[in-house]
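Peer 1: One letter stands for each residue in the lines below.
Protein chains: 2
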Amino acid sequence: MSNSSGEKKHIVTPSLPSGFNEYLPSDQILFNSMIETIRKSYESFGFVPLDTPVIERAEVLLAKSGGDTEKQVYRFTKGDSDLAMRFDLTVPLARYVSLHYGELTFPFRRYHIGRVYRGERPQKGRYREFYQCDIDIVGNGTLSILNDAEIVGVIYQTFKALDLGGFTVMINNRKVLGGFFESFGVTNITEVLRAVDRLDKAGPEAVSKELGELGLSSECIEATLKLVALCGKPSEVIGEIKTWNIDNTLFNEGLSELETVCSAVKGYGVPEDCFKVNLRIARGLDYYTGTVYETFLNDHPELGSICSGGRYDELASNYTNQKLPGVGIAIGLSRLFSQLKESGLLRGTERSSVTDVLVVPMDDCLDYALKTASAMRRRGYSVETYLNGGKMAKKMGYADKLGIPFVLVCGESERDDGTVTVKNMATGEQKTVPIDPENGLNLSFLSEI
Amino acid sequence: MSNSSGEKKHIVTPSLPSGFNEYLPSDQILFNSMIETIRKSYESFGFVPLDTPVIERAEVLLAKSGGDTEKQVYRFTKGDSDLAMRFDLTVPLARYVSLHYGELTFPFRRYHIGRVYRGERPQKGRYREFYQCDIDIVGNGTLSILNDAEIVGVIYQTFKALDLGGFTVMINNRKVLGGFFESFGVTNITEVLRAVDRLDKAGPEAVSKELGELGLSSECIEATLKLVALCGKPSEVIGEIKTWNIDNTLFNEGLSELETVCSAVKGYGVPEDCFKVNLRIARGLDYYTGTVYETFLNDHPELGSICSGGRYDELASNYTNQKLPGVGIAIGLSRLFSQLKESGLLRGTERSSVTDVLVVPMDDCLDYALKTASAMRRRGYSVETYLNGGKMAKKMGYADKLGIPFVLVCGESERDDGTVTVKNMATGEQKTVPIDPENGLNLSFLSEI
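So the sequence lines, in the order shown, correspond to chains A and B. Going from the first sequence to our numbering is simple: count from 1 and add 1282. Going from the second sequence to our numbering is simple: count from 1 and add 1282.
By construction, these hints were calculated from the structure, which means they are not laboratory data. Accuracy of the hints is not assured; some may be wrong.
Pairs count within a copy or across copies, as identical chains cannot be separated in the list.
Below are the DMTMM-like pairs computed for lysine to aspartate or glutamate, each with C-alpha atoms no more than 20 Å apart in a straight line [what the hints assert, rightly or not]:
(1) 1623 <-> 1385
(2) 1360 <-> 1341
(3) 1548 <-> 1362
(4) 1508 <-> 1596
(5) 1483 <-> 1333
(6) 1653 <-> 1555
(7) 1406 <-> 1584
(8) 1360 <-> 1584
(9) 1353 <-> 1364
(10) 1548 <-> 1718
(11) 1673 <-> 1362
(12) 1524 <-> 1464
(13) 1548 <-> 1649
(14) 1515 <-> 1638
(15) 1653 <-> 1325
(16) 1360 <-> 1350
(17) 1623 <-> 1333
(18) 1548 <-> 1645
(19) 1683 <-> 1325
(20) 1515 <-> 1541
(21) 1406 <-> 1624
(22) 1346 <-> 1581
(23) 1676 <-> 1385
(24) 1548 <-> 1646
Please model the entire structure based on the sequences and the hints provided.
Peer 2: Pasting the structure below:
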């Protein structure tokens, strides 16, 4: 190819950076419909939208973290500024609540659907830029434990609306785990919980070995494995664990919280078989201090937890002296979408278009066609007019390839008679029906043919 | 503040980087409702959503640009990768269409609502991270001029839906301008058009002087100022300009395109007073080759163009040898929002909440309250349950501060009678009405009180 001065033009390969991802229209439409479902569910519980900058001051973003997180962060300087791209939506929330503390009303309930960035080693379904869909409820000083039950209600309603098949919300309480280990005199609880968290991946033997290396007695290891095997109906699990008569304040506080949460969850209409207490759920982060959540698809446990979170005592201690306890969850939507697609679990018609009706003007009937299209738009339909040249077969082929369900032909005879010819692209059926584009259309024919 | 080991904790100031912006909930809700209006309008014309990565390979993003753009770009390395953040949504579109050429159906109609990044000097209302709302129609080889008319239809419907008061879409055609200057033997047309583009800001004298410095004869300068003063009803402006009998192929091609577009625009229901031909519109970019658009609020011309764009011959010549002509527009939403707010032009109630109803459980009526809230959610309301402690005045104060319109009190007497007490927060009116939370509610009382 030559440009105007006759030189050979340099063509740059239009590829994406490694680990980055984008969708073709059909997947983008499905992905957006999932976001829309999640958004509506979050808003139905009165969570307000938030949208913080993707770039933050590196000092702010990395106030707490270290090690792995820091290595994965996209960090750069621009002018004098040391900047970094957010790697989750929780640190920006902490920063936001601290910065706007005086202007917010507490409990502050926000949702945030946005992209985060992690320079991880690219793997199948794991991207360096991905969507998270978070909700958090942040209290000022205190926050009732009942909010922990509400989160289960939100998870239930959201995944019911997403229609991905049966799922189970598993909850636990870190105080139960912490108190349990405290009663055995174990002090390195964070490390112990991290080892327990690997039970599914590493198996009981490896974890036992690791717990031994962390200094746990064999009696304690045995009790631990018995504890983390408990999973089931809240009343049964809590009943069982009560018979162990563990005399530890933290443990009993956690157990009481767990009971309160499980009892309140019923009010949210969560069916019994969608909700379990699972003593194995620990969440690796040292961040959580009470209730923790994970969510699994019943028929696809191999996907891992598709919605996780928990209660934390201090959201923003790096930015403020205010005590801001909270509880929240995140859905890693990009990864979930990729897994669902891989497993053939995505519902909804695959279409490359949002258009309901393609209007095709014939001969010199453009004006009639445009008015017909505008009238249908006013009735809430998504309507495209085929404005480009070519034979009828090409125009029908366009509708067909994109999955547009109806084609409306506006030719001379239609214009003169005040009609349109409608073709149902799925059945091939065709019908000429009267319309009145100036005064609104009777569109019942779309469901008739 | 001390952490668990008793050390003094370091508090990081939770500020944003200079030039970055975020909203408090009330503004975020308004901003999102504008995005939603734009999205719906774009989709009603059958544009499909697209969402490309914020980060691209620097080589790709900077294939064409140079000078100012390059200086403003956020560019950094991560590992071996030379990366950059997108500074508009058009270059990513060009890259996308080139990369997925074989998988797309043309004309390819997409909208993209997303953030772009420019390290400009921060100014009032100008951010380094801001939203753009773009549509483009990209043809494969050719693209009918009728698509240029459709874009006016989309602008009209979108700004009508945004309800910002009277507005005018101004159109012009670069070929008319180009042919006009060609007929005077002017060859440095890009520079000349850039000077003309500054007419509003710099005034006719400064522009005349600049045109003189660019080598234009005084006769040509005089004719230029006469040309660019033409602005009005399409038929009148085009009629006037035809009497000039300029004998130039490009000029007459442009004029004929302008006529075709103006005639087709009527079919989109655009009222005559919303649409003008304005020979002054040039758009500074050398990028555009035909129709160009700008849009102004009638009562606030000082805001400048709030929606601009045009026709280009080759979208993606940096990435592919395919000829991909297109036409599109962009709304710079973050800046527009800031200007509208500043000018007091934002419609809609300012609320810090999306909640319709706050349900307040009294005494031990939590379960009754939760069931009532769930039933209302199933009816499509956004419902929050006040789950935290405190006196009634505090709970009412919470609803009041957030602008929640209704509070439902569920106490013992209500539960026993199967009623709720509803308070209209605007009028203070209060009423006890029967409900049936298990079997769905009669919610007509919300409009009654």
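Peer 1: Can you name, in rising order, the numbers of the hints this structure does not satisfy?
Peer 2: Those not satisfied are hints 3, 4, 5, 8, 11, 14 and 22.
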